[in-house]
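Each protein sequence line maps, in turn, to chains W and V. Numbering-wise, the first sequence is residues 1 to 196 according to the working numbering. Numbering-wise, the second sequence is residues 197 to 723 according to the working numbering.
A portion of the hints provided could be inaccurate.
With the C-beta cut set under 8 Å, the calculated list includes, among others, these residues of chain W facing chain V [what the hints assert, rightly or not]:
no.: 1; residue: D177
no.: 2; residue: V182
no.: 3; residue: K184
no.: 4; residue: A194
no.: 5; residue: A196
A few chain V residues that face chain W, going by a derived Cβ cut-off under 7 Å, partial list only [what the hints assert, rightly or not]:
no.: 6; residue: L507
no.: 7; residue: K595
no.: 8; residue: A717
no.: 9; residue: I720
Treat the hints as calculated values from the structure; they're not laboratory data. All C-beta atoms, glycine included, are put in the ideal place defined by N, C-alpha and C.
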Amino acid sequence: MTEQKDIKQEIVITGFGGQGIVLAGRILGEAVVLGDHRQSTLVQSYGPEARGGACSAEVMISDEPIQYPYVRHPDILICMSQSGYDKFIEQLKPEGTLIIDHDLVKPRGIDRTFFSIPCTRMAEELGRVMMANIVMLGFFTAITKAVSLESARNAVLESVPKGTEETNTAAFNKGHDYGLAVLKGREKKATGKAGA
Amino acid sequence: MTNFNIILFLCGWGPHAAYQTLQDNGSDIPPEIKMVRIPCTGRISKALLFKPFEMGADGVVLAGCEPGSCRYGTGTNTALNNVEDTRGILDLLGLGEDRLRLVTFLPDEPEALLEFLTDFVSEIKGIGKSPVVPPHKKTPLVGVDDLIKQTVVAYDVYTCLDCGKCTSACPLTLAGKPFSPRAIASTIISGNIDSPSVQNDIWACLTCGLCYERCPSAVNFPEFIRDIRHILKKSGSNGHAAHGGFFQSLMRTMTSPDLKIKHWEWLPEEIRTDDKSKTLFFGGCAPYFDIFFRNHLGVKTRKILVDSLRLLNFFDIRPAVLDDERCCGHDLLWSGDKENFLKLARLNVDAIHRMGVQEIIIGCPEGYRTFVHDYPEHGIECNFKVTHIFELLEREIDKGAVGFKKFNRKLTFQDPCRMSRFENCADLPRKLINRLNLKGFTEMQDRETGAICCGNCAWIGCDSFSKAMQVKRIGQVHDTESDLLVTACPKCQIHLQCAMEDPFLGEELDTKMMDLTSVLAKTIQWE
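Extracted from the complex, chain W is given alone in its bound form (with noise of 0.2 Å):
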């Protein structure tokens, strides 16, 4: 993917409510207005998704003023979680980017390329199963380029509790390297060299 400046980017993560989807909105928006200087907004969603249910946060970016906050049509749709990944995927542009967590959504009825980091597994082997947010972070910030990594990472560290700054780093660079690789394969897939 190329960057995707004077574009405004509509982006739309869900997942259950306790993954830390609403922080990762939070931490990819100060991550374009502190690091990158350019607009964004967030709205999250209220209600009982604070209780485990399906929760969302809608993240827009833009290089001009933003006037309206919310998401209609998403052009990047990060699923962390099957309810919410069947609650939105119809809302995802036909061009749009979909990226899910590879253990916890099987994307049924779609007829699409997308994008999937095991990023709660990875989460657990590195000792939190909380920082998943932050490794689908660092894959979205790899796979969409929506931010630059420079911002990303000061972000994370900026948002996340005193003390764990060196196991968050981890994981968003354990997901962002996953995310290169990912993107790597793909090329070399299409050129036919997929072996050694």
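We have chain W already, so just place chain V on it with the hints.
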């Protein structure tokens, strides 16, 4: 007088008669020719063919009888193979294969012989002097007893409890050899370094380190043996070299700084390297092994280097390679020649520094151990990071999006002593094996830090007990009911293959072997 030296190994049967006619007639035999009369060309091993080059000879001729007229039947054929292999090695070394020639003459062909010799001398003059620096005369060592005592103190061998754990673990002892590390230790401590058993056993030790692993007093027996070897070697011990000392000779020759070694010229075209890369791939001696063992074992250890590079390319890493890469010196260090080890180490490290490399990647466990451990220990500073290729692969594969094709084999793994025991990296190859998509993986009875050596180290002290040990080891492979023995060191392949060549046990021992690098390169794929 001339400053060119050409050695003529002359068979005493056919060509010697022709040579004698030339001498009788007072013919003008070029003065550069130094004749050595031999019983048969077939008796001149690769080690003997190569030795003159180590001593600084500019050319070597092996003159024998035509095939069919050999007094002993197969001499000329053996000579053909030996000369071909040695020429291959000379080429890799950058000396050029043209410096060695095999010719045949009948007794009644003195003119043809003279013509050949004259032509050969002018040809060699055309090529020029050999860049090999002849070894200087050794001065006999004084104060051996004191040096031995210092070594005993340095390794604190006095703490030996005489408990015998070493002897009961030693794979040579268990193979039936009358050999005991603790007995060697106590004989040396009591000042009997000259005892015949010690003088022999010092060179038989595999330095595999299993005794050190078990020693409750942590006496580093392999390194103790290594240092004792240096003292004995300097005081004139012959060192019990295997293969006629060919490999030691080869390594010593590499210490000549002006050699234009062509270590990588054979590399397949599809391999992508980059001279300006900050990462360098250090291959090791596999190309020499393949030539030397071409007829005997048919090993293809060069493939390990190609597969390593293919794996690096797979991850878009285009490493630099060192055109005049030399042996790391491991085998010289462990066979008692510290002086030449240091020369090799300096040449390699200087060449790498000149390339401005930040990281080197090594596939050979002996090379890895030597770079990370023995170079710094001997005062050779490396301003670059040393990474084993398994470390790098594990790191890259762990990033994800990489998978492995189904490999329908049941595997077992031969640990390389230098990695698994000395550098404590037994988990590294296993992590990679566990990533593979296999039919099965079963460990051998003796494994990881307790694994049994492949039977030889540093090309010395090979005997029937080494063989018995290898047979036992291959038995352990078969006990796992695996159909592929995975190795991680080219030497393991060579030595275990050698055991399988046994004319009596051969078929029973036959086992397929493959290096882990090759298994990875064969099955890895982007997902």
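Verification of the supplied hints:
no. : hint : in the structure
1   : D177 : 4 Å, holds
2   : V182 : 4 Å, holds
3   : K184 : 7 Å, holds
4   : A194 : 5 Å, holds
5   : A196 : 4 Å, holds
6   : L507 : 5 Å, holds
7   : K595 : 4 Å, holds
8   : A717 : 5 Å, holds
9   : I720 : 5 Å, holds
Hint violations for this structure: none, all hints satisfied.
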